[in-house]
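Novice: Sequence:
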Amino acid sequence: MTEIWRASLLESLHLGHAVICDDTGQIVRSWGDPDAVIYPRSSCKMVQALPLVTSGAADKFGLTSEQLALACASHNGAAIHTDRVRAWLDQLGLSDDDFRCGPQEPDDIPARNALIRADESPCPVHNNCSGKHAGFLTLAAHMGAGPEYVEVDHPVQQASLTAIEETTQLDSPGYGIDGCSAPNFATTVHGLARAMAFFASAQDRSDRQSNAAASLTAAMMAHPALVAGEGRACTELMRAMNGRAAIKTGAEAVYIAIVPERRMGIAVKIVDGGTRAAECTIAAILVGLGLLDADHPATRMFMNAPILNRRGMECGVIRPAATLA
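First residue of the sequence shown? That's 3 in the numbering used here, and the numbers climb one at a time after it.
No wet-lab data here; the hints were simulated from the structure.
It should be emphasised that the depicted structure is a prediction, and the values quoted were computed from it without experimental measurement.
There could be a bad hint or two in this list.
With a cut-off of at most 25 Å between alpha-carbon atoms, the simulated SDA-like pairs for lysine to any residue come out as follows [as the list claims (entries may be wrong)]:
| # | residue 1 | residue 2 |
| --- | --- | --- |
| 1 | Lys62 | Val30 |
| 2 | Lys62 | Asp100 |
| 3 | Lys62 | Ser174 |
Beta-carbon label-pair distances, calculated as ranges [to be verified]:
| # | residue 1 | residue 2 | range |
| --- | --- | --- | --- |
| 4 | Asp209 | Glu122 | 43 to 51 Å |
| 5 | Gly292 | Ile179 | 45 to 53 Å |
| 6 | Glu107 | Gly64 | 13 to 21 Å |
| 7 | Ile118 | Gly233 | 42 to 50 Å |
| 8 | Ile179 | Arg210 | 24 to 32 Å |
| 9 | Thr26 | Gly292 | 18 to 26 Å |
| 10 | Ala296 | Gly148 | 49 to 57 Å |
| 11 | Pro149 | Asp85 | 19 to 27 Å |
For each residue, glycine too, the CB sits at the ideal point set by N, CA and C.
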């Protein structure tokens, strides 16, 4: 899927699977094995957020599009993220102690340096999944369910499982525990692409689940900086596409795209877990679909991206394999 070149030598390569799916759930194009079973990891956060909206919890608590974007986010822990998550907790009458995601050092350098200067430790609110967990807490409060919302038999996680199985149109074969302690339900690459196509075509339907999918997609595209952060592929590439698609990364090199104008969903999994390859691959597929300009500065950060050494000299390139061209 992605190649690493240094001078004239193919130094490294990344293998993977990818599927482009249409609104009927059929494969438009695929690479590798569409039936490969994977953990979607954080790429499926918008699916996990569906019950937050379909249950009426989002309306009950008056959630904004910014909060819906944060529910789908893997953020950098910058002030624009943590300030909003803290305000969300205040809105619920809860505190950082109610989170079950665990603390995480912010990826945002100013936020990380501020903690160091203050001699403070990271908190769960800095966790890249704190927006998703704020959504879980909101749904749990609406349901009147218990505080251990990450347990697999908790109503919040059972609602998430139902949403994943309904949108992928597959029974999940099992789950693993994600980095944020929530269960992550396995599916196939095709199933994940099918779920994204459900989101991409939601505007064509008027049922509750479709309306929820459309609102979550719109929130992601409206607030790309909240979905990830400055310099991140999700944020930079969504900005470059000007609202034409929503994209989302997941740990271990999973990536998805939701393309409303084409009613298409895309799922990518790089076998070795290399993030650089997932970013290059999703960018190449989006370029191939005419959604992303290959020469846009944001695209060049991830596709046909120069490899620089410690002195800033260009000594290689990260580029898509010919099969993606």
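Novice: Each of the hints needs a verdict: does it hold here or not?
Specialist: Hints, verified against the model:
no. : hint                         : result
1   : Lys62 to Val30               : 39 Å, violated
2   : Lys62 to Asp100              : 20 Å, holds
3   : Lys62 to Ser174              : 30 Å, violated
4   : Asp209 to Glu122: 43 to 51 Å : 46 Å, holds
5   : Gly292 to Ile179: 45 to 53 Å : 39 Å, violated
6   : Glu107 to Gly64: 13 to 21 Å  : 32 Å, violated
7   : Ile118 to Gly233: 42 to 50 Å : 20 Å, violated
8   : Ile179 to Arg210: 24 to 32 Å : 30 Å, holds
9   : Thr26 to Gly292: 18 to 26 Å  : 21 Å, holds
10  : Ala296 to Gly148: 49 to 57 Å : 50 Å, holds
11  : Pro149 to Asp85: 19 to 27 Å  : 24 Å, holds
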